[in-house]
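Peer 1: Chains as they are written, first to last, in this note's numbering: chain U, 1 to 317; chain X, 1001 to 1317.
Simulated from the structure, these hints should not be mistaken for lab results.
Cβ atoms here follow ideal geometry from the backbone N, Cα and C, with glycine treated the same way.
Wrong hints could be hidden among the right ones.
[To be verified] From the structure, some residues in chain X lie toward chain U, with a derived Cβ separation under 8 Å:
id, residue
1, 1086
2, 1088
3, 1090
4, 1091
5, 1140
6, 1144
[To be verified] Per label pair, the in silico range of CB-to-CB distance:
id, chain 1, residue 1, chain 2, residue 2, range
7, X, 1230, U, 219, 55 to 61 Å
8, U, 311, X, 1051, 30 to 36 Å
9, U, 34, X, 1069, 57 to 63 Å
10, U, 219, X, 1133, 34 to 40 Å
11, X, 1229, U, 267, 23 to 29 Å
12, U, 84, X, 1090, 54 to 60 Å
Number of protein chains: 2
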Amino acid sequence: MKVLVTGGAGFIGSNLVLSLIHNGHTVTVIDNLSTGFRRHLSEFESTGALHLIVGDLRNAECALKEVSNVDVVVHLAANADIRFGWNHPREDTQQNLIVTQNVLEAMRCNNVKRLVFASTGSVYNNTAIIPTPETSATSRQHSLYGASKIAAEALISAYAEAGYVQATIFRLVSVLGPHYSHGHVFDFVKQLHNNPKELLVLGNGNQRKSYIHVVDCVSAIESCLEVSPTFQVYNLGIDDYCTIRDSANWITSEMGVSPSINTGTDDFGWVGDLPFVYLDTSSIRSTGWRTTKTIEQSVRATVRWLLEHDWILSERN
Amino acid sequence: MKVLVTGGAGFIGSNLVLSLIHNGHTVTVIDNLSTGFRRHLSEFESTGALHLIVGDLRNAECALKEVSNVDVVVHLAANADIRFGWNHPREDTQQNLIVTQNVLEAMRCNNVKRLVFASTGSVYNNTAIIPTPETSATSRQHSLYGASKIAAEALISAYAEAGYVQATIFRLVSVLGPHYSHGHVFDFVKQLHNNPKELLVLGNGNQRKSYIHVVDCVSAIESCLEVSPTFQVYNLGIDDYCTIRDSANWITSEMGVSPSINTGTDDFGWVGDLPFVYLDTSSIRSTGWRTTKTIEQSVRATVRWLLEHDWILSERN
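Same shape as in the complex, but just chain U (with noise of 0.2 Å):
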């Protein structure tokens, strides 16, 4: 198939583009390198599966252009910065809801009628429902990150219900493994790094996060390029969460390091933080999707693949 990946050169579209090249399909990747990594894909870029294409989506034309005799497009091009979403409010309205309209338009004009999008499990904010099932998003939305793209979904389904797209969109937990660049094993594998006797955690380390593997994660979207349902949404999760203290644990055995760790008292990191994230994804499951990775072990290899890759460390604050 012809596959555009928009964010392609980013964690998740660059195991992605990887995994598509090696199953033999053509890939196209849109990315204006804002936080993606033109070396995650460098191996390809000599190679005639792989177009990449610098460029910003949230130039209309950019996309009309370049969106056009795909089979299907993944569209995981997004602001992820949900913690500082407020330093710069209209950012994620911009690059989530407003690209992802340009994206649709590109499609519609161009008869492009498959779409995969990377939603968010932050759409659920501290929902009592544990596990969370997909029917309980709601409008009501804790950050901006949130608020755009619960947005992008519903822009989404309205032109799947007028016959412009089948959309399957994945509300994802968050995602380790290799290419991981944002996130609180970043944090602190980057701290201990540094200093190896001193970890400070944000929040009081209770806080119960799931967590899935990059590969888990594109084998799901790679299972949904073919079928066809008109708006398909599903949770992106694995059946287990752990502990921020039991990750940090997980971290420094893996780094070899007996740093003292300070926690706060609050039982979230951040304002907007969520306490306990924890999917239903027996949704998925039911198609016979599989996660292959424990948290512990996805966690570990993200260790190993930061250390083994530490100029990654100094690229992100």
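Could you slot chain X onto chain U? The hints should help.
Peer 2: Just chain X now, kept in the frame of chain U:
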């Protein structure tokens, strides 16, 4: 109070403005006059009670300048054209979501906290739950209009959660009364005004809808100008419904005409039309608010107003 009404020259907006001034408030209106009428406000333009700004809130600078020094913002400005959304697929996003963010940012920057926002019962699509409670809304939308309104609700809730605004959101059924210029009663009166012998009804006429009178809509808005919940969503409708056929009979009776009525065969009037709209209004009624007009009274009053102000029949297609 000092009240800013966006879209204050429109149907609901101008009725609200007249009532606010009558009740002693000072009112600023921002309206781009794209669908509103300056003459709705003409009796107050020369008084000190009304300050009318002809401006476009898609311009963020306009919003920032004018949303200051007020106690409350009633944000009604919107593209309300649900039926023809696909003729201009970016308009709902721009006029209903981006404009809402411009208003929210202007409020945040000017430290104006209190917001009342007009959303829509269309966000429920053709739900099976009748009467429909507020909890029935999901991100799955059937129109660009519904998608833009649920997106605006989500954005407002994120601003509310962060403490920047305190918001009351009304999900409205169709509204009738003086200054009405959009919807099936308008269409029917216009048809019969041109040709009293024939009435064309879109759909089979059995569509069931709720309508409230604009005075009841205005009284609900006014009842929450001073209360300050962090975030509250109310359905705003009537505890009743009628069929389009009922409505056609009241209209022809009020006009004193006996046309042949030609109906279609579908149980919807147009793609995206909802066969049954009946919202659960127990939440807003628990505050003491009540409707004062029946649906029949609202339809008949609207017909009389349109006939007494038939200039408006030629102003709208």
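Peer 1: Decide, hint by hint, whether the structure agrees.
Peer 2: Here's how the hints hold up against the structure:
Among the interface hints, the one on residue 1086 of chain X holds; its C-beta lies about 6 Å from the nearest C-beta in chain U, closer than the 8 Å criterion. At a threshold of 8 Å, the smallest CB-CB gap from residue 1088 of chain X to chain U is about 11 Å, leaving the interface hint violated. Because the beta carbon of residue 1090 of chain X sits about 7 Å from the nearest beta carbon in chain U, less than 8 Å, this interface hint is met. Look at residue 1091 of chain X: its Cβ only gets to about 11 Å from chain U, farther than 8 Å, so that hint breaks.
The criterion of a C-beta within 8 Å of any C-beta in chain U is met by residue 1140 of chain X, whose closest approach is roughly 5 Å, and the hint holds. For residue 1144 of chain X, the interface hint holds, the least distance from its beta-carbon to any beta-carbon of chain U being 5 Å, beneath 8 Å. Here the CB-CB span from residue 1230 of chain X to residue 219 of chain U is close to 41 Å, at odds with the stated 55 to 61 Å. About 58 Å separates the C-beta atoms of residue 311 of chain U and residue 1051 of chain X, a value inconsistent with the hinted range of 30 to 36 Å.
Taking 57 to 63 Å as the suggested C-beta distance range, the pair residue 34 of chain U and residue 1069 of chain X does not conform, at roughly 38 Å. Hint check: residue 219 of chain U to residue 1133 of chain X, Cβ distance near 39 Å, so the stated range 34 to 40 Å holds. With their beta carbons about 25 Å apart, residue 1229 of chain X and residue 267 of chain U fall inside the hinted range of 23 to 29 Å. Between residue 84 of chain U and residue 1090 of chain X the CB atoms are about 28 Å apart, so this pair departs from the stated range of 54 to 60 Å.
Consistency with the previously given hints fails for numbers 2, 4, 7, 8, 9 and 12, ordered from lowest to highest.
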